[in-house]
Amino acid sequence: MKQISAYFKQMKTVTKIDYATYAGVVLAFAIVLAFQSAGLLNRSITGMLVPICCYVCMAVSLNLTVGILGELSLGHAGFMSVGAFSGVVASMSLGFTGAGDVVRLVLALVVGAAMAALAGVIVGVPVLRLRGDYLAIVTLAFGEIIKELLNSLLVGFDENGLHILFNYDGSRVVSDLGLTENGVEIIKGAQGVAGNQRLATFTVGFVLVMITLVVVLNLVRSRTGRAVMAIRDNRLAAESVGINVTKYKLIAFVVSAALAGAAGALYGLNLSSLSSTTFDFNASILILVYVVLGGLGNIWGSVVATIVLYVLPEALREFDNLRMLVYAIVLILVMLATHNQRLRALLGRLIPKRKGAAAHG
Amino acid sequence: MAKKFEKGKMVPVPSRSIIPERDLDKSPILECSHLGIDFGGLRAVDDFNLTIGRTEIAGLIGPNGAGKTTVFNLLTKVYQPTRGTILLDGIDTAGKTTTQINRMGIARTFQNIRLFSDLSVEDNVKVGLHNQERYSALTGVLRLPKYWRQEKAAHERALELLSLFEMQDLADHKAGSLPYGAQRRLEIVRALATNPSLLLLDEPAAGMNPSETAELMENIVKIRDTFQIAILLIEHDMNLVMGICEGICVLNFGRVIAKGTSEEIQASPAVIEAYLGKGRGS
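Residue numbers (this note's numbering), protein chains in the order written: chain F, -12 to 348; chain H, 45 to 326.
Among the hints, erroneous ones may be present.
For each label pair, taking beta carbons as the anchor points, the in silico distance ranges come out as [what the hints assert, rightly or not]:
no., chain 1, residue 1, chain 2, residue 2, range
1, H, 199, F, 116, 28 to 38 Å
2, F, 333, H, 319, 51 to 61 Å
3, H, 192, F, -4, 56 to 66 Å
4, F, 3, H, 224, 27 to 37 Å
5, H, 212, F, 333, 26 to 36 Å
Here are the simulated PhoX-like pairs of lysine-lysine, each with C-alpha atoms no more than 20 Å apart in a straight line [unchecked claim]:
no., chain 1, residue 1, chain 2, residue 2
6, F, -1, H, 322
7, F, -4, H, 196
8, F, -1, F, -11
Simulated from the structure, these hints should not be mistaken for lab results. Backbone N, C-alpha and C fix where the C-beta goes; we use that ideal spot for every residue, glycine too.
So here's chain F without its partners, still in its complex pose (with noise of 0.2 Å):
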């Protein structure tokens, strides 16, 4: 008992903030199971609950992008899309094979994060060579790009494998493809994908907020994170020190796209029909809302962020109308408070050496 003490001391605070998120997670876990077990939960929440841990990562992985690396990405919505389109197809192939619902689950998520971390480094190699705001232009574009794509794209599979038809004049129909009688159409252009197996479950969603919070706190605490963060806080310098600018921005880049596509392979996982509409531009700027609010490079306010402005909008449903006025003016209190000096010196106060003890020492 005495040397575990002992190692908490030693401990660095950046550590113990560490420990502390994964505790977080795990009590709110235990707890929401806990009431679920009760039965204290009502369908419109049981029904939050995989979605939240969806967006929980993507504000997580969208942190390291915008707030470790200091890049501004307004397409964090389209690598979510490209992970639940790759997901659900490859778990709807999988099915077709009939392979268990876990290696389905786990696969579609693989996959999912594969193909989202190759579209991260189609993105990635030509834009983060550049200096400036590129990124955030390019990834505007390639959240619609993406969303066009997905809208033309016939997807199905049979005992002959994948088929897999572009429809870029509009004339194609899924009839084109020539699947066998026993083929499953799996995307289908404009109407996206209908008949998909929920296998998505609320375990597997913490799982995975669980990986990516490691991902990304142990990539951070790392050689590489401190390469990325110098790399944010002053890039002549980073390279004057032998830092390979373009190779960390890189690995940062993909990473986040990667840990974007997981989350939307479960996200896709987690409904019967799915739509490419759903991952636009506006739902890149709500992640990009959590992770602002949260606070830039801040994983835990990340985590609180998300799980409290998903949760507003349904807790405000009986405003009816006033709805979004009430989330938007929550979301301006929130902004001007957490940027008043005295309430940071209070909040520094309650929260001794929050900053790495940085300020007092």
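Place chain H on chain F using the hints.
Structure of chain H alone, referenced to chain F:
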């Protein structure tokens, strides 16, 4: 190590060189010849020649706007030179990037401090140790034994380097929250962490009071003696430059107007003219 100087056996060092005697039998760490850069029509630096010995402390001085920092930016390839060559330890640095130059052995500090201000003091030094740690991003994420081993070594090395300036107690502070003088010292530590063979210091004493400057002078000599590296510094504080620099190069309007020891520089009419203007009737 110390080879005895034998006449005719070494690479002949040009007569214009100001290398101290102890470095004479070794090849110089830095050789610039006919270095120059144009910004549009402006010749910011022209025909810049400089040779620096293995363990020399050299000074680069000149009036404001003479092109001193531009020379640093040329040496570290922040700007690619328009003309001339830079040999670092005998290797041509043409076409290299700032990152590659650091790996080849040049580290620098900046005139306007460029710390990673949101990172802790220790992490700033660890960023400097980046290329001496060798584990991949995946090892870091999975926290394999290699991660723990190398992070422990980096932690110890960072504190050791910080102790040079007695800053080890500040390790957990945010770099941006340090007082000005400590930020300058931290920049030097971070540069040293990259294990350079040539250290460029851009106005290290700027904003320091006389006692801090005196301490800095001792520390610069201490760094040279400990790490056995060459140091080239830009400085306006003449006490510092004349006190510790073994060779001094004076720049004015992008051209070298004098080179030599501190006595030679102080006696040079061209230098006096550049700093004080031409005397009437002379």
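Structure-inconsistent hints, enumerated in ascending order: 3, 6
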